[in-house]
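Novice: Once you have looked at the hints, place chain C with the ligands on chain P.
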Amino acid sequence: MGSINLRNVSKVFGEAKVIPSINLQINEGEFVVFVGPSGCGKSTLLRLIAGLEDVSDGEIVIDGQNATELPPAKRGLAMVFQSYALYPHMSVRSNIAFPLKMAGMDKGEIDRKVSDAARVLNLTDYLERKPRQLSGGQRQRVAIGRAIVRQPKAFLFDEPLSNLDAALRVNMRLEISELHQQLKTTMIYVTHDQVEAMTMADKIVVLNRGNIEQVGSPLELYCKPANLFVAGFIGSPRMNLIEGKFAEAKGAKTVGIRPEHIGLSRDSGLWEGTVTIAEHLGSDTFMHIQVQGVGTVTARASGEFWVRHGDRVYLTPDETKLYRFNEKGLAL
Amino acid sequence: MAVRFLSASVLYLSEYILGAAKMATIHTRSVARLMMAPSVILLFAWMIVPLGMTIYFSLLRYNLLMPGTEEFTGLLNYEFFLTDPAFFDALKNTLLLVGGVLAISVIGGILMALLLDQPMFGQGIVRILVIAPFFIMPTVAALVWKNMFMNPVNGLFAWLFRLFGAQPLDWLAVAPLTSVVIIVAWQWLPFATLILLTALQSLDEEQKEAAEMDGAGPISKFIYITLPHMARAITVVVLIETIFLLSVFAEILVTTNGGPGTQSTNITYLVYTQALLQFDVGGASAGGIVAVVLANIVAIFLIRMIGKNLEA
Ligand SMILES: Nc1ncnc2c1ncn2[C@@H]1O[C@H](COP(=O)(O)OP(=O)(O)OP(=O)(O)O)[C@@H](O)[C@H]1O
Ligand SMILES: [Mg+2]
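As given, the protein sequences belong to chains P and C, one line each in that order.
For the first sequence, numbering that gives the first Met the number 0 gives the first residue as 0, with consecutive numbering after it.
For the second sequence, numbering that gives the first Met the number 0 gives the first residue as 0, with consecutive numbering after it.
Honestly, the hints are just simulated from the structure, not real lab data.
Do not rely on the hints blindly, as some may be mistaken.
Okay, the calculated beta carbon distance ranges per label pair [as the list claims (entries may be wrong)]:
id: 1; chain 1: C; residue 1: Met35; chain 2: P; residue 2: Lys129; range: 25 to 31 Å
id: 2; chain 1: P; residue 1: Val60; chain 2: C; residue 2: Ser219; range: 27 to 33 Å
id: 3; chain 1: P; residue 1: Leu329; chain 2: C; residue 2: Leu202; range: 45 to 51 Å
id: 4; chain 1: C; residue 1: Leu110; chain 2: P; residue 2: Asp53; range: 42 to 48 Å
id: 5; chain 1: P; residue 1: Asn162; chain 2: C; residue 2: Arg28; range: 28 to 34 Å
id: 6; chain 1: P; residue 1: Lys100; chain 2: C; residue 2: Pro259; range: 49 to 55 Å
id: 7; chain 1: P; residue 1: Asp53; chain 2: C; residue 2: Gly123; range: 24 to 30 Å
id: 8; chain 1: C; residue 1: Thr177; chain 2: P; residue 2: Asn162; range: 50 to 56 Å
id: 9; chain 1: P; residue 1: Asn210; chain 2: C; residue 2: Gly121; range: 35 to 41 Å
id: 10; chain 1: P; residue 1: Ser114; chain 2: C; residue 2: Arg28; range: 37 to 43 Å
List time: in silico DSS-like cross-link candidates among lysine-lysine, alpha-carbon distance up to 25 Å [claimed, not checked]:
id: 11; chain 1: P; residue 1: Lys16; chain 2: P; residue 2: Lys112
id: 12; chain 1: C; residue 1: Lys220; chain 2: P; residue 2: Lys129
id: 13; chain 1: C; residue 1: Lys91; chain 2: P; residue 2: Lys106
Residues from chain C that face chain P, not an exhaustive set, calculated with beta carbons under 8 Å [what the hints assert, rightly or not]:
id: 14; residue: Glu70
id: 15; residue: Glu78
id: 16; residue: Glu205
id: 17; residue: Ala209
id: 18; residue: Glu211
id: 19; residue: Met212
id: 20; residue: Asp213
id: 21; residue: Gly214
id: 22; residue: Pro217
id: 23; residue: Ser219
id: 24; residue: Ile222
id: 25; residue: Thr225
id: 26; residue: Pro227
All values reported here derive from a predicted model rather than from experimental measurement.
Backbone N, C-alpha and C define an ideal beta-carbon position, used for all residues, glycine too.
In isolation and in its complexed conformation, chain P is listed as follows:
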């Protein structure tokens, strides 16, 4: 239960072709993350799957059954919204119970399922409160609770953590991952946060202007980006993309090298450069280095590397970790 198949799905808003045509297979039990820059159509795609928007063309197949024309409630999917979309006048208990009540389930059964969900999500003490009396993380959990009680075929999350502070985000990220391990239900998760994508996903779908740029596991995308867009998008800090003589010498239009694959030294190396900015994080040091004939290169040193603005350093890219791209931006 929980495979979703998009066949030539497209979406047009008036004049704007937001999603030209997408084919995507999501397998049962997978944790799929949609990433991409703002406005690339992630939410739109998710809403198409949910049934909150009608497709302009193409088919959505859920568990082998054509669901293109089905209303949202009939698709058996549950969605967690960015704003949580809790019902403000209902208690936490009624919020979680709402989908069951709508399904006409009997009272005892509802109570049992609600308390089960509350236990899983650590909400037992808050069941009688109203959403406004909860913290952001608790609200988020209620929204998730409302989704899990229905035992849906798949969960849809639209940037669920973007309203939370950094520490809580890390926590909730783990909780959602754990929940996925526990429930083994298909999850589709929209985010523009790299770390969320890399840490949570079984499969990442990189979107750009409504097109799928690449689909693959986090490490596949990291190690074998199919094109310049994915290369630039996955990985933090961004991959250095170098054009000109250096690239030509390698037989490519553009050569990519990740900041972590550049060797640093104070006295010798392939490139000589001047540090413009050094960011000391303790665990890592990120440097922006101006290199003659190459441009600005970002490099990462593990641990502390004592340089300051204006210092001279030598860089040596790891030849085995170079990415080469042709004129069209495709990987060679």
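Specialist: Same frame as chain P, now just chain C with the ligands:
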């Protein structure tokens, strides 16, 4: 007269509404009190002077036809006013009028708001048109209804009745109170619609979508999501309308003159007949005070019942 005996309940309500918009801290609250003090004191004086005079007059035997014979009579005026059989009719009519108009304007207002919230052609103009009756003076509105709609010979309703072969109704004679209710409701429907429409439009889109995903159909969505969301706006409509509906006067004067008999006389109109048709200032003042008490009873009753909706 209307302004006088309602100012008490207005003050009561405004105090309540201000209190409900809870200030964040004790400090800001006391500053807010200080800032509001001048206007509250002014309002209070504005109310207390006429109220005091009315109470004073209500204790006098004071008839304009017998000038110079004023004397203190104690509670005699009250006794006459309260034992007048017209008083009970008027009390009943007042409550029926308020209740009827409230029911029509709130239920109708919700329906109209739902309708106007749908995307349609010429939405802006339609909305302005719907609001229009609110700008028409009560006397004019009542005259239009009396002569153009409810007139048994020339009225639109009479024409409609004849169209279906029925005997035209002389609305104002046969169902005077109902007619007044219809006229007043027509005037207040736009107000309710406007407030409820704003409330409806402030309903979060994602909440509706969440309900949809949770399997709520249009009716469940209305009952469980939309209606609770509008509860506060409905409360505001009920409270504000009640204040004004307790003092409906022009519509009655212009259409039925309170008749036939006392069938469409409300308390306001009864006070008027006492003061200006019987020239009994003392009796009218007693009536005014009774009306103030009544207005406050209604206000307290309403706030007990629905006031909690105003709390955030
Ligand atoms: N109802 C709509 N009508 C017209 N255009 C729309 C509508 N909804 C979205 N769009 C357009 O579709 C494009 C994709 O929007 P979408 O919300 O899917 O982006 P997103 O990838 O979720 O971005 P973000 O990361 O900022 O949430 C945008 O250019 C947006 O302007
Ligand atoms: Mg989005």
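Novice: Could you run down the list of hints and mark each one as holding or not?
Specialist: Going through the hints against the structure:
The hinted range of 25 to 31 Å is satisfied by Met35/C and Lys129/P, whose Cβ atoms lie roughly 29 Å apart. Roughly 28 Å separates the CB atoms of Val60/P and Ser219/C, a value that falls within the hinted 27 to 33 Å. Between Leu329/P and Leu202/C the C-beta distance comes to about 48 Å, which sits within the given range of 45 to 51 Å. Here the CB-CB span from Leu110/C to Asp53/P is close to 28 Å, at odds with the stated 42 to 48 Å.
Distance hint for Asn162/P and Arg28/C: a CB-CB separation of about 30 Å, consistent with the stated range 28 to 34 Å. For Lys100/P paired with Pro259/C, a C-beta distance near 53 Å keeps the hint of 49 to 55 Å intact. Between Asp53/P and Gly123/C, the C-beta spacing of about 27 Å keeps the proposed range 24 to 30 Å intact. The beta-carbon spacing between Thr177/C and Asn162/P, approximately 53 Å, falls within the hinted interval of 50 to 56 Å.
About 39 Å separates the C-beta atoms of Asn210/P and Gly121/C, a value consistent with the hinted range of 35 to 41 Å. Taking 37 to 43 Å as the suggested C-beta distance range, the pair Ser114/P and Arg28/C conforms, at roughly 40 Å. Only pairs whose Cα atoms come within 25 Å are accepted, and Lys16/P paired with Lys112/P is rejected, the gap being roughly 42 Å. Under the criterion of a C-alpha separation no larger than 25 Å, the hint pairing Lys220/C with Lys129/P is consistent with the structure, at around 19 Å.
Using a Cα cut-off of 25 Å, the hinted pair Lys91/C and Lys106/P is violated, with the two alpha carbons roughly 44 Å apart. Because the closest C-beta pair between Glu70/C and chain P is about 59 Å apart, greater than 8 Å, the hint is violated. For Glu78/C, the interface hint is violated, since its Cβ never comes within 8 Å of a Cβ in chain P; the closest pair sits about 49 Å apart. The beta carbon of Glu205/C is positioned within 8 Å of a beta carbon in chain P (closest approach about 4 Å), and the interface hint is therefore held.
Interface hint at Ala209/C: satisfied, since its Cβ lies 4 Å from the closest Cβ of chain P, which is below the 8 Å cut-off. Given hint, Glu211/C at the interface with chain P, holds; its Cβ is 5 Å from that chain's nearest Cβ, closer than 8 Å. Taken as an interface hint, Met212/C checks out: its beta carbon lies about 5 Å from the nearest beta carbon of chain P, inside 8 Å. Taken as an interface hint, Asp213/C checks out: its beta carbon lies about 4 Å from the nearest beta carbon of chain P, inside 8 Å.
At about 4 Å, the closest approach between the beta carbon of Gly214/C and any beta carbon in chain P falls short of 8 Å, and the interface hint on this residue holds. Restraint check, Pro217/C versus chain P: the minimum CB separation of about 11 Å is more than 8 Å; hint violated. A distance limit of 8 Å between C-beta atoms decides the matter here; for Ser219/C the minimum to chain P is near 6 Å, and the interface restraint holds. Nearest Cβ of chain P to the Cβ of Ile222/C: about 11 Å, over the 8 Å cut. The hint is violated.
Interface hint at Thr225/C: violated, since its Cβ lies 11 Å from the closest Cβ of chain P, which is beyond the 8 Å cut-off. The beta carbon of Pro227/C is positioned within 8 Å of a beta carbon in chain P (closest approach about 4 Å), and the interface hint is therefore held.
Of the numbered hints stated above, those contradicted by the structure are hints 4, 11, 13, 14, 15, 22, 24, 25, listed in ascending order.
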